[in-house]
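Residue numbers (our numbering), protein chains in the order written: chain F, 1137 to 1356; chain S, 51 to 274; chain V, 6 to 245.
These are computed hints drawn from the structure, not numbers from a lab.
As a list, the in silico SDA-like pairs of lysine to any residue whose alpha-carbon atoms are at most 20 Å apart: (1) V:LYS79 <-> F:LEU1270; (2) F:LYS1353 <-> S:GLN164; (3) F:LYS1353 <-> V:PHE94; (4) V:LYS108 <-> F:TYR1267; (5) V:LYS79 <-> F:TYR1267; (6) V:LYS111 <-> F:MET1271; (7) V:LYS111 <-> F:LEU1270; (8) F:LYS1353 <-> S:ILE166; (9) V:LYS108 <-> F:TRP1257; (10) V:LYS111 <-> F:TYR1267; (11) V:LYS108 <-> F:MET1271; (12) F:LYS1353 <-> S:ALA161; (13) V:LYS108 <-> F:SER1266; (14) V:LYS108 <-> F:LEU1270; (15) F:LYS1353 <-> S:SER165; (16) V:LYS108 <-> F:PRO1277; (17) V:LYS112 <-> F:SER1266; (18) F:LYS1353 <-> V:TYR138; (19) F:LYS1353 <-> V:ASP140; (20) V:LYS79 <-> F:SER1266.
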Amino acid sequence: MPELFVAFSYKDILFLLQAALVTIAMCAMAFSCGMPVALVIGLIRTARRFPALRWVGWTYVEIFRGTPLLMQIFIAFFGLSILGLELPRFVAVSIPLILYTGAYMGEIVRAGVEAVPRGQWEAGSSLGMSYRQLMGYVVAPVAVRIMIPPSVGFLVQLVKGTSLAYVVGYVELTRAGYIISQSTYATMLVFTLVGVIYFGINYPLSLASQRLEARLKRHA
Amino acid sequence: MTYTFHWEVPLQNLPAFLWGALATLEMSGVACLLGLLVAVCGALARLSKNRYLRSAATAYVEAIRNTPFIVQLFYVYFGLVTVGINLEAFTVAIVTLTLNCGAYCTEIIRAGIQSIHRGQAEAGRSLGMTHWQVFRHVILMPTLRVVWPPLASQFIATMLGSSVVSQISAEELTYAGMMLESRTFRTFEIFFAITILYFLMARLFSFLFSLTGQKVFREAWGQL
Amino acid sequence: MLKLEDVHKWFGSLHVLKGISMTVSRGEVVVVIGRSGSGKSTILRCINGLEPIQQGRIMVDGEVVDAHSRHVRKIREEVGFVFQSFNLFPYYTALDNVSLALKIVKKMPPAEARSIAEEMLARVGLSDKLDAYPDRLSGGQQQRVAIARALAMNPKLMLFDEVTSALDPELVGEVLKVMQDLAEAGMTMVVVTHEMGFARHVADRVLFIHEGQIAEEGPTEQIFTMPQNENLRTFIQSIL
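Same shape as in the complex, but just chain F:
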């Protein structure tokens, strides 16, 4: 009997936790780089005077929401290598996630801005504010507060999305679990642990999102 299978040990747990850190790092990267994209997309979708811009934003969102994330990752990953770009794997995998974030958060931004009552806009305009001043001082304080609960909810989606980097061989939590399960007998144990770790990351976020949503409703 070949000694290929080793028993599951604490070293494997450590490996999983490290991979969990990679997952979190990917989320941080995707979210922080995706927010600027989201702001642009969200704002151009609310531009009343430029229908062409609105259409561009709408198309972007429809593409990323109407196609599987798995395909987005494949295309981005292999597309980048075709373009001849030799990017570090972390970046190459983060790029589709950044664009994905841009689309979903863009929708959240748009909804947040559109939720600001018309009267606020009018009050600010009547005081002589410019578009930029209106956005920065009148709309932003209200819109941002509205955007927070769904944004936290999206983070959960993003964490789950990073698991698809598995398919391009990138070692994040899911791939780590798979690797370990291939070399030990303890497949179910490994994947239960993987599930528990994901749950441990996401459940607090889900709860936070629900609490924030309830708080927002009370205030309004």
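Given chain F, work out where chains S and V should sit, using these hints.
Chains S and V only, in chain F's frame:
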């Protein structure tokens, strides 16, 4: 950039892709329908007076919603193998998709039921309607109207998410692409074409759901 | 001071304003009355460019109001507008609500903006509510803050759009008092209102709008004691 695109590869293999697309639709369709059944039970469980039913349903929903689908897929797949049940990958895919879709739809239906003002049910009862009559006219139809758009979105999301089952070699659209890719190595062109197919399917179903909703509920929704 | 020349406005295919012409002199208080939907609020909103007009001309102190131009912002610095639903900024205190535009539009240094804001809030009787957020203030208090906010910009003209219609009856008085003080201090005001008592007491002139046109106008007493227009007579009877 010295890459030459070979677009004829996906074009020549369109029939294979269309079969794959059909499989995807079959898979997601079954999963969504079964998932809906699961969801109705789940929603009722979450709203029931029985503490254990409520907790069990909540645990199910939260476990699914906070873990990635691919992990759920592996869990079910390897889990079944470990227990000695050897199902076809296609079946495993449907089971997992059903469980996944069911959890999200449970939340949607629960929220829909709760959004119907309790006062309306009371009004119905005080007009002399039986419980069943109240349920059908005051609760059921308005609830269906409320949950239709988010359910439609969830069904489309499930269809898009089904591309992940290719990882356990279930035969659907993405898997068809992977098979072709291993023969021709035209990764980019193949998956670009497949993505377009997914996009078209998603748009088509969004339109169909919108249309059905308008006809049945006589309400004008935009894009779903 | 303010001049409207044959102003027409359509909302889509609905002809809302059908040739409105009026003048308001400096220091005059003009009250606009009429049924709901007659177009009286629309006139006000066209004056400061919140709504564009399709025909005619609006001039504030000699400058043409063009709702689509950038210049309209400059005009808005000189025209104060008070809304029916107050529209205070919810996440700013009363003081910050009043001083915000001073700081960012008029580019005033914070200390100066603050002292003007304090002065304005004192004028409307809310010195003790400087640091209160709108959700802690009553409707009447919120509206007074809104008036202070508009006043702080030192406008030449103040527009009031049914500012007491959304208030509980017992809160209406405090707002009308502020408006009366303002009128007595010589502010040029155009007020759309249902408060006939206020109109009779404070207005110099009254305009009656019916179906998008000025059906009758004249000195306050004359309008109320000897209404010529049939519609106006019915309207006054229904109010009193």
